[in-house]
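Take the sequence shown: its letters are residues 206 to 576, numbered as in our numbering.
Treat each hint with caution, since some may be false.
[Claimed, not checked] Pairs of lysine-lysine residues, derived as DSSO-like cross-links and limited to a Cα-Cα distance of at most 30 angstroms, are as follows:
no., residue 1, residue 2
1, K298, K345
2, K345, K400
3, K228, K292
4, K298, K429
Calculated directly from the structure, the hints in this document are not laboratory data.
What you are looking at is a predicted structure, and each value in this text was computed from that prediction instead of being measured.
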Amino acid sequence: SQLYDNNLQNLGMNNRALGSDFKDEIVEFQLNFEQSFAKEGQSLSAYVTRSEDTESYINIIQNTNGDFTDEQYTENNKIKNTIFDIKYSQPLKESSSFAVGYNAELGEIPFRYENGNALEIDYERDVHALFLDYEKEFDKFYFSVGMRTEFSSTSLDYSSLNSGYSENRTDWFPSSYVEYSLGERSSVNLSYGRKLIEPGYYQLNPIEQRYSESSIYKGNENLKPVFVDMTNLAFSFYGNRFTLTPSVFFNKYHDYWQEITFTTGEVINAIPRMITTPVNLGTVNYIGVNITAVNRISNAVSLTTNVLLFQFDQRGIYQSMNRSLQPIVRDYNHNSLSGTLSLMAQIKLPKLVNIQSTVKHELASEGAYSK
Numbered sequence: 206s207q208l209y210d211n212n213l214q215n216l217g218m219n220n221r222a223l224g225s226d227f228k229d230e231i232v233e234f235q236l237n238f239e240q241s242f243a244k245e246g247q248s249l250s251a252y253v254t255r256s257e258d259t260e261s262y263i264n265i266i267q268n269t270n271g272d273f274t275d276e277q278y279t280e281n282n283k284i285k286n287t288i289f290d291i292k293y294s295q296p297l298k299e300s301s302s303f304a305v306g307y308n309a310e311l312g313e314i315p316f317r318y319e320n321g322n323a324l325e326i327d328y329e330r331d332v333h334a335l336f337l338d339y340e341k342e343f344d345k346f347y348f349s350v351g352m353r354t355e356f357s358s359t360s361l362d363y364s365s366l367n368s369g370y371s372e373n374r375t376d377w378f379p380s381s382y383v384e385y386s387l388g389e390r391s392s393v394n395l396s397y398g399r400k401l402i403e404p405g406y407y408q409l410n411p412i413e414q415r416y417s418e419s420s421i422y423k424g425n426e427n428l429k430p431v432f433v434d435m436t437n438l439a440f441s442f443y444g445n446r447f448t449l450t451p452s453v454f455f456n457k458y459h460d461y462w463q464e465i466t467f468t469t470g471e472v473i474n475a476i477p478r479m480i481t482t483p484v485n486l487g488t489v490n491y492i493g494v495n496i497t498a499v500n501r502i503s504n505a506v507s508l509t510t511n512v513l514l515f516q517f518d519q520r521g522i523y524q525s526m527n528r529s530l531q532p533i534v535r536d537y538n539h540n541s542l543s544g545t546l547s548l549m550a551q552i553k554l555p556k557l558v559n560i561q562s563t564v565k566h567e568l569a570s571e572g573a574y575s576k
């Protein structure tokens, strides 16, 4: 690092060396079961998966500048996850059927950090889900409906602080799909679904990851899942040499994950220390148009064009205090238009050559504090 003051006068430099010894052992066990019956379409399937991921880090940071901090710390985590799923499918008549099932995911993530002071956090999240799907097909019309109910429990235990919290909740995830055939070559469909996006290990990990002395990333062990409502209206045309699939979509994100960057109130060599951490912040409306066209010019040459245009409308204001009890306010009420344009050309000669070339252009992606 080269250090400068506000007048760009050189204050000195620092060489920061991070040596890390990393060991990882992953063990996974999986058992599958399938039972087919005499009646076509009737089946029973189940599987169970158990995985354990043991990670160990020994990190040593050394600096040539005495004003910077030398560090040595260890991380020891053993991530455990168990998934169980069972599904039964039953045809009712020649053109209809239903499926019912149960799914469970049981996860444990212990965070262990030692740098002279021990930090021990146990994170557990268990989800039990029941689902039911039904589908029916007519001459030109097809539809399916489904419902998934999840019973989840999340707990945090700060072992070293003798504190923690737990949360139990019930969530409903309906889904539907309708398709109407306009002829042999074209159809129109409308779909709706609701899903949940779980935070990953990196986003939950509360141990500071230091990119430099003054730049830190810190996960958020209190981060909640994101719920997404998805609606899509699409048209499909399939010709002998030309295919067109335009669609209009609207996705709404609840408790959206936003990475917030702010000053901690600490100063290192006249440089404010910055920290970035993910939080749940408001909602996002993601609205757009997606058009894909495939033109098979010949048996050897084809062109694929895609146009994606979307409006990204975010709502939410973040307010908190930093380590020096200074107020932090970030206004993320912002919307912008963005998208991508791409063209792929393919030349394919069987048993001789297959060449693809893609040109892609991305429009500016602009956020409240970034572009």
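When the structure is checked against the list of hints, which entries are broken? Sort them ascending.
3 and 4
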